[in-house]
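Participant: When you get a sec, could you build the whole thing from the sequences and use the hints?
Okay, here's what each chain looks like letter by letter:
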Amino acid sequence: MKLHEYQAKDIFADAGIPIPDSQLAASVDEAVSAAEEIGYPVAIKAQVHVGGRGKAGGIKLASDADEAREYADDILGMDLKGYTVDQVLVEAGVDFTNELYVGVTMDRGEGKPVAMVSTEGGVNIEEVAEENPDAIAREHIDPAFGLHPYQARKAVYNAGVDRSVARGVSSILTTLYDLYEERDASDIEINPVMITSDGDVVAADAVMNIDDDALFRQPELAEMEDETYEDDLEQKAGEYGFDYVRLDGNVGIIGNGAGLVMTTLDLVDYYGGKPANFLDIGGGAKAERVTNALDMVFSDENVDAVVFNIFGGITRGDEVAKGINEALESFDEIPKKVVVRLAGTNAEEGMEILNTDLVEVEETLEDAVQRAVENAQEASQ
Amino acid sequence: MKLHEYQAKDIFADAGIPIPDSQLAASVDEAVSAAEEIGYPVAIKAQVHVGGRGKAGGIKLASDADEAREYADDILGMDLKGYTVDQVLVEAGVDFTNELYVGVTMDRGEGKPVAMVSTEGGVNIEEVAEENPDAIAREHIDPAFGLHPYQARKAVYNAGVDRSVARGVSSILTTLYDLYEERDASDIEINPVMITSDGDVVAADAVMNIDDDALFRQPELAEMEDETYEDDLEQKAGEYGFDYVRLDGNVGIIGNGAGLVMTTLDLVDYYGGKPANFLDIGGGAKAERVTNALDMVFSDENVDAVVFNIFGGITRGDEVAKGINEALESFDEIPKKVVVRLAGTNAEEGMEILNTDLVEVEETLEDAVQRAVENAQEASQ
Amino acid sequence: MSILVDDDTRVVVQGITGGEGKFHTGQMEAYGTNVVAGAVPGKGGQEVDGIPVYDTVDEAVREENADASVIFVPPAFAADAIFEALDTDLDLAVAITEGIPTQDMAKVNKRLSETDTRLLGPNCPGIITPGEAKLGILPGNIFSDGNVGLVSRSGTLTYQVVDNLTARGIGQTTAIGIGGDPIIGTDFVDALSLFEEDDETDAVVMCGEIGGEDEEEAAAFIDENMDTPVAGFIAGRTAPPGKRMGHAGAIVSGSGTGTAESKISALNDAGVPVGDTPEEVADNIESFL
Amino acid sequence: MSILVDDDTRVVVQGITGGEGKFHTGQMEAYGTNVVAGAVPGKGGQEVDGIPVYDTVDEAVREENADASVIFVPPAFAADAIFEALDTDLDLAVAITEGIPTQDMAKVNKRLSETDTRLLGPNCPGIITPGEAKLGILPGNIFSDGNVGLVSRSGTLTYQVVDNLTARGIGQTTAIGIGGDPIIGTDFVDALSLFEEDDETDAVVMCGEIGGEDEEEAAAFIDENMDTPVAGFIAGRTAPPGKRMGHAGAIVSGSGTGTAESKISALNDAGVPVGDTPEEVADNIESFL
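Residue numbers (full-length UniProt numbering), protein chains in the order written: chain A, 1 to 381; chain B, 1 to 381; chain C, 1 to 289; chain D, 1 to 289.
Worth flagging that the hints you see were computed from the coordinates, not collected in a lab.
In this text, a Cβ means the ideal position worked out from N, Cα and C, and glycines have one as well.
Among the clues, some could well be false.
Claimed, not checked - Simulated pairs of lysine-lysine, DSSO-like, Cα-Cα distance not exceeding 27 Å:
(1) K322(A) x K22(C)
(2) K243(C) x K112(A)
(3) K110(D) x K110(C)
(4) K112(B) x K243(D)
(5) K22(C) x K286(A)
(6) K274(B) x K243(D)
(7) K81(B) x K43(D)
(8) K2(A) x K55(A)
(9) K55(B) x K243(D)
(10) K22(D) x K2(B)
(11) K236(A) x K110(C)
(12) K112(A) x K110(D)
(13) K112(A) x K112(B)
(14) K112(B) x K243(C)
(15) K243(C) x K274(A)
(16) K55(A) x K243(C)
(17) K112(A) x K110(C)
To be verified - Just so you have them, the derived chain A footprint on chain D, three or more residues with Cβ under 8 Å:
(18) 42-49
(19) 54-60
(20) 79-91
Facilitator: Following this line, the structure appears as structure tokens:
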């Protein structure tokens, strides 16, 4: 789960990290009056879950009321990589001499968190990591001990941060790790930490993503979740509780188990089709879940054909078949052709139950996918 | 540093551990009115830093106002192993079916904390440890991780605590460890945890001692310190900042370094004398500290003679000699004979400075101690 | 022969009184697994299908000589259950639970470096030695005894590949689901080295997927240390970057690490053929035997 | 010969810019110790008596090839300084600081099990190899080169015993103060085993004191593993139970563990003569040579 910049900054500020003066605004008038109160220059920043907002025109610097009005008007309501901007953060412009990067994330290869500091702040840190990895000082953290103070200092000095601000930056890094741990973050970063012309440090941006699996013990953060999705279908999947990813093809895919569903997508591609989505109904799915899954793919206007691939372990083929029948029998006309392949637990019973007037049945995964790809090609002609 | 029962109970209660209803009282009237408010029976408990208060008559159970008045009157002002009772805790009597022991301390052999649970609560746990060690379930704690919940459960079940209260007792143990860690305790225990006739658990006593070396980061606890000492001399040592222990002999001992001072005590005993105290002036002591140290031993009316044994490392013999001269020159008559032995850094310079009209000088530790023992024997005849 | 589990393995089920724990205990027993105890705090003294339940794993091990554990405990309490298993002298702990917070697993990972107990999972289907024992939720009936080892990050993909093998009459020594989480106990290299040491395993199927670099490490290991031939499969070739594909660990990073291409090419470089379809994986295995 | 330190040892001083750090750095240098760097956060780039100061121990090790550290850092920050030393690939860290909270040391103790760096102390006077190097606050002038090893929980008691030895013309290979705290790095057994392995050490003085059971463990070690003769001394025979005798670790527990009697009898049982006076210790050593 992603927090907005303004939400993360509130949390950072509560923890003692210096942030610029700022106000959230949902309208142009609100934005202008916030700017007047804060004083110019102000940055007007789109609050959407999208990286690279600056380049995409989602952040502008206004030096007077006219510009504030103009830019707020530009940004509010704009479409930023598929997300509509409903809110902007109006923030005091910082007179800075230097920009640093400070962050904590999980190094899955090592199985432990890693703290990172770089003097190349203000740009995409993943590009820095790619092009000039030595520009990022890293300290792996033993999660049983947490980040030792000496480690924060070591990362800061090894990154080449100026000695005059080293203590302030170490302190920010230590606080970031504490927040990372207390709030179950998956990533937490400030890019850039600005060194002001007065030699102070201030968090000019704020990224904080929370481990979805830990939201149960972070109720305050769970409440902050902004349920805006890239599109309605992902929202629907969230409501149904499916693992769902929308893609740009036309073959709708439903299956059980992440690896098998990915494989089904890959086979669609392999046989010359284009997958429309990843949809995992999970283990032990009952009829209702199957019905919801079919509703999902039928709701996707790009979908021209559907493949339903189940290999039952806990999931029972007869339950799945019942769900498919129920879902499809409710239609006067089946919206798109559905190819079903059932294997594993109670697959035979399922095959018997399946209403073959409504679906096409295949024995093997490969055959099922090929048939669905053909169906999609026919339907889209 | 030791907390009083009522102080520890306040902390325990804030952390969610159930404690009986109670009030602190400094007078008989206060005690009676507290008892009336709480309702009988009440326990009236002396608040002094002394173990075995019950056996010594410092805890009594009153079943009506007359008894409350009588017992409060008995206990307030009484001398309990050298401490005067200024305050009593008046506490609701608990109708219990069982008494448990729960505690956390440092196992110095293992270099890690250990959680302990026993169903033999309500008695001296060190006696239980001696006589029936298997009656105490122990879980060593990795201080980097803290006490895992499963460890608390394991200790509780391995101790044989009844399953019906196991969850409650585990929860108390977990909280105790959290307090132990957060508050830098050296020992923390509840003896007994009472199982009430309703099947609830309640902390009927509370022990919490704080690591003196950690008081700098526990300012709230440092403020709770009750500066009452067994006697005035220990209080004075606290003010001077000396490591001091009063003993019952008549040879006053001053030295530098714990091991060497202990050795000096042992030699006094070995040569037939009786040490009056342990007094370590520490490393690098200057003249004033030496003066204060002499003031300490002269203030002890039991002292008949003094031995001053310094082996200089950081401590300089000339500084010590200067301090001795200054201290003794202020007297018209030296109260007790002082034997001085200086060795190590600047010992020769010190020997030259020493005013041998005021002190006796010996070259070796053994000779110095023997002479002081003789002096003490002469003076006490 | 087999690796890690066989019919001598004495299993304690943590969370045996819960719905999933109870159901799969029945399934495991029906398969012939030697389930000797359950462990659920506060439920000691009860029985589940005649299996004695203890309050702690410690007691289950002492009383029933359990040497392996299967963990069906909800995510909020699962890391504690894993710690409990790791701190007892079990040989193996299999964590089925999906959705354990990643930072909990980082702490578990730290403890793994301090214990001799092996962890499998979490978020895995478990392990099966056909005809002897299964620890977990794998459907026993699709497996058959044979000479091919199988290790996979995915449950149902495992079943699929096993199905393709079975259709050719190829059975398994042991099949291991290592789990789909970003931080897991036993990884590909661990499992591959066990298969390499196992005399009965003549070939190994390794099913990887996008995310992380375990497959690349496995490729390096195969190249340097394995004589037993390995056939590979990598799921997620069509996954877009930045999207979590079902498994918490199945994600191509924004900067482009963890891709299927990288894994396939690493495996190919190590001489491991990577099938385009599960059927091709079975072809490759058949060619080894 | 010697153990742990000699004139090749390259020392970094943590806390070199503080009063004690600066003073004892001068003393160590004057003794001939090869002090190559200081480490103090925020003071990098400065010099103390011509010795370069770095912001981190890491940098001091990289730039000056330091292989041992001496820690003069106030108690509130000392545990962090020890962690910093342990996490660099130094061979030895000597913590002089007195008054480190015990729970901090319990955490350090945990880390000690994970590193190859040896810790001496805290709350110790340090270590000296006469004529070669001293790391700590021991007064160099009282020591002389020779063939007796010395290990002690107390600083000034060490000086006393050395004085008694020197009066007889007996010198030392190395003298080690292991420190008076309840939780320390190097303990008696560690030091004794190093002396046992050292060809030049012909006899060892071991000065223990009340509190804990390190001396009892040392006695068992001597009995089983040592050919080099050991002469013992135990301070605190007259200490009352429950009172801390100066050192945080020097306390006989209320239940009567950690007594001088117990330690003396354990040592005697291991064939170690325990002197009643420092002079007797010197007698015993002389009889061994």
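Participant: Now look at each hint and say whether the structure bears it out.
Facilitator: Here is what the structure says about each hint:
1. At most 27 Å may separate the alpha-carbon atoms for a hinted pair to count; K322(A) and K22(C) meet this at roughly 26 Å.
2. Our distance criterion of 27 Å between C-alpha atoms is met by K243(C) and K112(A), whose separation comes to about 22 Å.
3. Proposed proximity of K110(D) and K110(C) is supported: the alpha carbons are some 13 Å apart, at most 27 Å.
4. At roughly 22 Å between alpha-carbon atoms, K112(B) and K243(D) fall within 27 Å of each other, so this suggested pair holds.
5. Using a Cα cut-off of 27 Å, the hinted pair K22(C) and K286(A) holds, with the two alpha carbons roughly 19 Å apart.
6. Under the criterion of a C-alpha separation no larger than 27 Å, the hint pairing K274(B) with K243(D) is consistent with the structure, at around 17 Å.
7. Annotation: proposed proximity of K81(B) to K43(D) is violated, straight-line Cα distance about 53 Å (limit 27 Å).
8. Our distance criterion of 27 Å between C-alpha atoms is met by K2(A) and K55(A), whose separation comes to about 20 Å.
9. For the given pair, K55(B) sits about 22 Å from K243(D) by alpha-carbon distance, which is consistent with the 27 Å threshold.
10. Between the alpha carbons of K22(D) and K2(B) the distance comes to roughly 37 Å, so the proposed pair goes past 27 Å and is violated.
11. As the CA atoms of K236(A) and K110(C) are separated by approximately 38 Å, the hinted pair breaks the 27 Å bound.
12. At roughly 18 Å between alpha-carbon atoms, K112(A) and K110(D) fall within 27 Å of each other, so this suggested pair holds.
13. For a cut-off of 27 Å, the pair hint linking K112(A) to K112(B) stands: about 24 Å separates their Cα positions.
14. With a C-alpha separation of about 44 Å, the suggested pair K112(B) and K243(C) falls outside the 27 Å cut-off, and the hint is violated.
15. Distance check on the hinted pair: K243(C) and K274(A) sit about 17 Å apart at the alpha-carbon level, within 27 Å; holds.
16. The suggested pairing of K55(A) with K243(C) holds, with an alpha-carbon distance near 22 Å, which does not exceed 27 Å.
17. With a C-alpha separation of about 8 Å, the suggested pairing of K112(A) with K110(C) holds against the 27 Å cut-off.
18. Using a Cβ-Cβ cut-off of 8 Å, 3 residues of the region 42-49 of chain D lie near chain A, which meets the minimum of three, so the contact claim holds.
19. A stretch counts as covered by a chain when three or more of its residues have a beta carbon under 8 Å from one of that chain; for the region 54-60 of chain D and chain A the count is 5, and the coverage holds.
20. Chain A is given as covering the region 79-91 of chain D, and this holds because 5 residues of the stretch bring a CB closer than 8 Å to a CB of that chain, at least three being needed.
Hints 7, 10, 11, 14 from the list above are not met by this structure, while the remaining hints are.
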